[in-house]
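J.: Chains as they are written, first to last, in my numbering: chain A, -5 to 108; chain B, 1372 to 1487.
There could be a bad hint or two in this list.
Below, a list of computed lysine to any residue pairs in the SDA-like style, where the Cα atoms sit at most 20 Å apart [unchecked claim]:
hint : chain 1 : residue 1 : chain 2 : residue 2
1    : A       : K36       : B       : G1411
2    : A       : K(-5)     : B       : A1432
3    : A       : K36       : B       : T1376
4    : A       : K100      : B       : D1430
5    : B       : K1428     : A       : Q(-4)
6    : A       : K36       : B       : S1378
7    : A       : K36       : B       : R1483
8    : A       : K103      : B       : D1409
9    : A       : K36       : B       : Q1427
10   : A       : K100      : B       : Q1412
11   : A       : K(-5)     : B       : G1413
12   : A       : K(-5)     : B       : Q1412
13   : A       : K(-5)     : B       : Q1427
14   : A       : K100      : B       : I1431
15   : A       : K36       : B       : Y1381
16   : A       : K100      : B       : F1459
17   : A       : K100      : B       : R1415
18   : A       : K103      : B       : Q1412
19   : A       : K36       : B       : P1446
20   : A       : K36       : B       : S1480
21   : A       : K(-5)     : B       : I1431
22   : A       : K36       : B       : D1409
23   : B       : K1428     : A       : E(-3)
24   : A       : K(-5)     : B       : D1430
25   : A       : K100      : B       : P1410
26   : B       : K1380     : A       : D33
27   : A       : K(-5)     : B       : T1376
28   : A       : K36       : B       : E1395
29   : A       : K36       : B       : S1393
30   : A       : K100      : B       : G1429
31   : A       : K36       : B       : G1374
No lab work stands behind these hints: they were computed from the structure.
Predicted model, so just to flag it, every value in this text is computed and none were measured.
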Amino acid sequence: KQEVTQIPAALSVPEGENLVLNCSFTDSAIYNLQWFRQDPGKGLTSLLLIQSSQREQTSGRLNASLDKSSGRSTLYIAASQPGDSATYLCAVSGSGAGSYQLTFGKGTKLSVIP
Amino acid sequence: DGGITQSPKYLFRKEGQNVTLSCEQNLNHDAMYWYRQDPGQGLRLIYYSQIVNDFQKGDIAEGYSVSREKKESFPLTVTSAQKNPTAFYLCASSRGLVERDRSFYTFGSGTRLTVV
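Work out the full structure, taking the sequences as your base and the hints as a guide.
T.: And the structure:
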């Protein structure tokens, strides 16, 4: 059964700092990996989606990488801002019938201090 | 604007009651999902539906029921058989039945259910 782990569980950084969030998964037979953002009491917003054949995706100050063979992904946030404060969730989907199910990590709660 | 609407935002249930959470989408998405989120935990899949009048159990379906009578609607009933229903419930949808299209998820804003 697929398991997704996110490290660290919480992170506090001063504004302007670059930071990296980590995600690992146990079964490398994934279809894709996604990073989501969740604000307190809210739903999820998709940030980046990396197909299994890709190595990275970029959107603005965000860059996500995928090393499928080692079961790892990182989310890099450049020049962090207080508005980046949220919980970041990593999720993977399997292939075939399993692709209907996203397996989520527990998230990393990020606080960016002004 | 297209999106997913979940209602109510907050719901209180007495012990032994059944309650129904609403989820409506106007994105013309074929697939819809219900997830449960507990504090400090990842989301866990309760049920999903690929097409109208069809749905499948996820990892934690016990104590829950769903229906999919219309493409745009996927209500979730939390029954009295669910022993620990207090949680945050999220509905999601994704377009198409082709594998690559399932990846593009849209989430609702959630319903927080509390047992009183």
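J.: Now, for every hint given, state plainly whether the structure supports it.
T.: To see whether the hints hold, each was checked on the structure:
1. A:K36 to B:G1411: Holds: K36 of chain A and G1411 of chain B sit about 14 Å apart, inside 20 Å.
2. A:K(-5) to B:A1432: holds, 17 Å
3. A:K36 to B:T1376: holds, 12 Å
4. A:K100 to B:D1430: holds, 16 Å
5. B:K1428 to A:Q(-4): Measuring from Cα to Cα gives roughly 17 Å; hence the hint holds.
6. A:K36 to B:S1378: holds, 13 Å
7. A:K36 to B:R1483: holds, 10 Å
8. A:K103 to B:D1409: Answer holds: K103 of chain A to D1409 of chain B is near 15 Å, not above 20 Å.
9. A:K36 to B:Q1427: The given pair, whose Cα atoms are some 26 Å apart, is violated under the 20 Å limit.
10. A:K100 to B:Q1412: holds, 5 Å
11. A:K(-5) to B:G1413: holds, 15 Å
12. A:K(-5) to B:Q1412: holds, 17 Å
13. A:K(-5) to B:Q1427: holds, 18 Å
14. A:K100 to B:I1431: holds, 17 Å
15. A:K36 to B:Y1381: Holds, at about 12 Å.
16. A:K100 to B:F1459: OK: K100 of chain A and F1459 of chain B at ~14 Å, within 20 Å.
17. A:K100 to B:R1415: holds, 10 Å
18. A:K103 to B:Q1412: holds, 12 Å
19. A:K36 to B:P1446: Cα-Cα ~19 Å, so holds.
20. A:K36 to B:S1480: holds, 5 Å
21. A:K(-5) to B:I1431: At roughly 14 Å apart (the allowed maximum being 20 Å), I1431 of chain B and K(-5) of chain A satisfy the hint.
22. A:K36 to B:D1409: At roughly 13 Å apart (the allowed maximum being 20 Å), D1409 of chain B and K36 of chain A satisfy the hint.
23. B:K1428 to A:E(-3): holds, 19 Å
24. A:K(-5) to B:D1430: holds, 11 Å
25. A:K100 to B:P1410: holds, 9 Å
26. B:K1380 to A:D33: holds, 15 Å
27. A:K(-5) to B:T1376: The hint is violated at about 32 Å.
28. A:K36 to B:E1395: Distance of about 17 Å is within 20 Å: holds.
29. A:K36 to B:S1393: holds, 16 Å
30. A:K100 to B:G1429: holds, 18 Å
31. A:K36 to B:G1374: Judged against 20 Å, a Cα distance of about 14 Å means the pair holds.
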